[in-house]
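J.: Here is how the chains run, residue by residue.
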Amino acid sequence: DAGVIQSPRHEVTEMGQEVTLRCKPISGHNSLFWYRQTMMRGLELLIYFNNNVPIDDSGMPEDRFSAKMPNASFSTLKIQPSEPRDSAVYFCASSLGQPDSPLHFGNGTRLTVT
Amino acid sequence: GDSVTQMEGPVTLSEEAFLTINCTYTATGYPSLFWYVQYPGEGLQLLLKATKADDKGSNKGFEATYRKETTSFHLEKGSVQVSDSAVYFCALSDRVGGFKTIFGAGTRLFVKA
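Going down the list, the protein sequences come from chains A and B.
Anchor point for the first sequence: position 105 equals 105 in our numbering, and the numbering is continuous, going up by one each time.
Anchor point for the second sequence: position 7 equals 7 in our numbering, and the numbering is continuous, going up by one each time.
Only chain A is shown next, with the shape it has when bound in the complex (with noise of 0.2 Å):
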């Protein structure tokens, strides 16, 4: 298995300018999680889906941010408009769902909004 894919691995735009995150999370998986990683606040965990539907959205900082899982084989994360603040790695993550299955990371996209 190719393990989970995000692209692109690199953004850098401007401040207003919208921005939209790819995942594909492992085939067979029924979760997914999107989060944040920035060296002030760490790893924040902004939504989670479980077989497509969202679970879970009280991470997401704000209306700027939306997230979409439209089929179990790829989401989308959203922000418009983008600011400075949003500058971060997001990475996305896949699971069985169950409390101990382990989550298989995406190796995260570096966003820099200037």
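Watch out, some of these pointers could steer you wrong.
[Unchecked claim] Just a sample of chain B residues kept apart from chain A, beta carbon distances all over 10 Å, derived:
(1) S14
(2) N22
(3) G41
(4) E42
(5) S79
(6) F110
[What the hints assert, rightly or not] Covered stretches of chain B, as calculated for chain A (at least 3 residues, CB under 8 Å):
(7) 6-13
(8) 44-55
(9) 87-95
It is worth saying that the hints were derived from the structure and are not from the lab.
We put the CB at the ideal spot given by N, CA and C, even for glycine.
Position chain B relative to chain A; hints supplied.
T.: What follows is chain B alone, placed relative to chain A:
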């Protein structure tokens, strides 16, 4: 709510030294516990896990024992190598918490040759 607290880093050790990274947790239910490792430029990857009290998870010479009475899951390795230099995250997943995984702040380890 659920939370994980781990020792602050960075931790700097010489090669072949003994490693301990402390981790304690609070949880509403009966969580599964994990250690993940992150190498530069990569996502986190599972290092080991334990799912019930007194279970010992182990992998690549690392060990951690699920201590319910002290709500702890300390990571240990008897002899570290330069290649162990990375950031280590303690985490829990709790059915009561809706299966979401909560991470500690991470502990950066530097191993000198």
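J.: Do at least three Cβ atoms from the stretch 44-55 of chain B come closer than 8 Å to Cβ atoms of chain A?
T.: holds (count 5)
J.: Regarding the assertion that B:E42 does not contact chain A, is the least Cβ-Cβ distance greater than 10 Å?
T.: violated, 6 Å
J.: Over 10 Å to the closest beta carbon of chain A is the bar; see if B:S14 clears it.
T.: Holds: least Cβ distance 26 Å, greater than 10 Å.
J.: A cut-off of 10 Å on Cβ-Cβ distance, and B:N22 was said to be off the interface with chain A. Does that hold?
T.: holds, 17 Å
J.: Just double-check B:S79 for me: nearest Cβ-Cβ distance to chain A has to come out over 10 Å.
T.: Consistent with the label, B:S79 stays out of reach of chain A, its closest Cβ about 25 Å off (over 10 Å).
J.: Taking the minimum C-beta separation from B:G41 to chain A, is that value above 10 Å?
T.: violated, 7 Å
J.: Closer than 8 Å Cβ to Cβ for three or more residues is the test here. Does the stretch 87-95 of chain B pass it with chain A?
T.: holds (count 4)
J.: Looking at B:F110 again, its CB stays over 10 Å from all of chain A?
T.: holds, 16 Å
J.: Has the stretch 6-13 of chain B got at least three residues whose CB is nearer than 8 Å to a CB belonging to chain A?
T.: It is violated, with 0 qualifying residues against the three required.
The structure does not agree with the numbered hints 3, 4 and 7 stated previously, though it agrees with the rest.
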